[in-house]
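Chains as they are written, first to last, in the working numbering: chain A, 438 to 611; chain B, 0 to 424.
These aren't lab readings, by the way, just hints derived from the structure by calculation. A portion of the hints provided could be inaccurate.
Below 20 Å or equal to it, Euclidean Cα-Cα: the simulated SDA-like pairs (lysine to any residue) are [to be verified]:
hint, chain 1, residue 1, chain 2, residue 2
1, A, Lys-490, B, Thr-23
2, A, Lys-527, B, Asp-219
3, B, Lys-143, B, Gly-202
Covered stretches of chain A, as calculated for chain B (at least 3 residues, CB under 8 Å) [to be verified]:
hint, region
4, 521-535
5, 567-576
6, 593-606
Just so you know, even glycine gets a beta-carbon here, dropped at the ideal spot from N, CA and C.
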Amino acid sequence: MNWRPRRSLALLMLALGAAAAGWVRGEVYQEPDAFVAEVFGTRPEPKVLWLTKDIQAQAAAILGHPPVQLRQRYWSDAHKSVWILEEIGKEELITAGFVVAEGHIDHVRVLVYRESRGQEVRYPSFLKQFKEAKLAQGDRLDREIDGVAGATLSVGAMERMARLALFFDRMSRQ
Amino acid sequence: MKKSSLGVALAAAFAAAPAFAQATVDQKLQILQQEIDDLKAQARRSAAPAQQTSPYSLDYSSMLDRSSGLASGGTNIVGYGEVGYGKFRQSGNATADLQRFVFGFNHRFDERLTLHSEVEFEHAIVSKDDGGEAEIEQAWLNYKMSDAVNFKGGLFLIPIGILNETHEPPTYYGVMRNQVETRIIPTTWRELGAGVHGIVSEGIRYDVGITTNFDSGKLDDPTTGIRSAHQEGQLANARNLAVYGALNYRRPGLLVGGGVFTGDTGQNGASNPALQGVAARFTMWDVHAQYRIAGLDLQALYAAGTLGDADRITAATVAANLADPGVTAFAAPKSMKGAYVQAAYHVYKQGNFDVAPFVRYERIDIKQAEDPGNNLFQNPNNNERIKTLGVNFWVHPKVVVKADVERYATDKSQDRFELGLGFMF
């Protein structure tokens, strides 16, 4: 194909038009505050789970690396708790909100996704797999989570965060 | 950090924690001391230019400095590598090789602009007397306007096939990459160019762009289709460019997609004067699918390509041979196609351990533009069927041990047993 400036310019204009249409969608799908407020109706006072050495060791076993936080803030009422967690997918942090009720995942939402690939993990077809999941032996989920081709590491990060949310919920209720 | 600041930090920490659960006072003091140490370390590092932090991490998780490096303004390192051992059945010869070690730097300039790169070393040693190679596999900038619209520019991978963009060893079956995505789709295939990509609705991802193209004057091995005409961003002749487009649909456990790439490759004879004015249009397309259900991994791919003016490329190799007897003349590839089907089953999964035997059947057919007058004929090995039986054993999601047996229907000298070790990080 020979270089044709007019054709390239037209393609560029087309791309910019598409870009303008998509500009407003952004990568922050929901502010964490709004997620917490949505779950409880209002935003309750946060509570803090202190990561003692024992909790840190178990969290490290779940994550495959030591947890970077020393305290984990969360929100809860008598029935459910909300955990805003962050974990690296391939290169960047994924911020996700986990609602835990009666020891199982009630629902999950990806709040912020920073990478340019792998956003498939934010869609309901992927997230619905976590519904009702609970911890089984070895702090693993009681079910297989089907991966998404090309988003293997983001899928792994979501699974680890789900396990951590369930584990933190259990620790917060002891 | 000043003492008064530490005091404020302590006070703030306690004030922000109305409900202290589980931990004893001693444990809390230990944790706070650890946090103070981390803050001190962070303060020392902040002598460097200030970096933005994730607006969520500090508030929600007390993640002291992780986000400052990754969410905004940071650089991180990724990589993968593989080691292989192969023993050939006919000759009994065997080789062991560090096939590749790849590391990449990714940098976030701001909320929207990122750099992605990979540097690859093949075969352990790169020197004048050794067969290794050092190469830049990717170096591209991405400007994310939204999930739906990303602009990219630089040296990037062409979205054709499954392996070309996702080729880390733990993500595929077999010690070696499959032959269809090696000889027909020239994985790892990258070009210099610009593109637009994104995800437009649940699971539908597009990628389109303009890039450099192959240079048919550089062809020197017709057994690998178009591969030997690649330019890989090295002083690439760019008189002729190419356009590409790809569309993929992904859901958990399912991938269906395809791509197309087309453009002239004559480059106005820049590498072989006999190709001046020859278009030599190259077009390649593929369709592929993956389906995972109940421990079963199924995968299939079909790829096909054509190279126009192949008879003139053959003639150009003859002319090059006449000018320099050190250059070998050959019948240029005029069409190439290949397909494979693969099935794997996860027979054992416990903790990080995951064992999955697999079978794969591949078919390759590369047709060449023969020149009987100059004794240039079709290579019979370009029509090949390959059966592979093997097993992947993940000892960690990012570390895999592999073994397989490959049987070739035409070129039986390639029959082999292989062992491999792969990792990514």
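Consistency of the hints with the structure:
1. Among the hinted pairs, Lys-490(A) with Thr-23(B) is consistent with the structure: their alpha-carbon atoms are about 12 Å apart, no more than 20 Å.
2. Distance hint between Lys-527(A) and Asp-219(B) is unfulfilled; the C-alpha atoms sit about 37 Å from each other, more than 20 Å.
3. Simply put, Lys-143(B) and Gly-202(B) have alpha-carbon atoms about 18 Å apart, close enough for the 20 Å limit, and the pair holds.
4. Counting residues of the region 521-535 of chain A whose C-beta lies closer than 8 Å to any C-beta of chain B gives 9; at least three are required, and the coverage claim holds.
5. Counting residues of the region 567-576 of chain A whose CB lies closer than 8 Å to any CB of chain B gives 1, which falls below the minimum of 3, so the coverage claim is violated.
6. Counting residues of the region 593-606 of chain A whose beta carbon lies closer than 8 Å to any beta carbon of chain B gives 1, which falls short of the minimum of three for the stated coverage.
Of the numbered hints listed earlier, those contradicted by the structure are 2, 5, 6.
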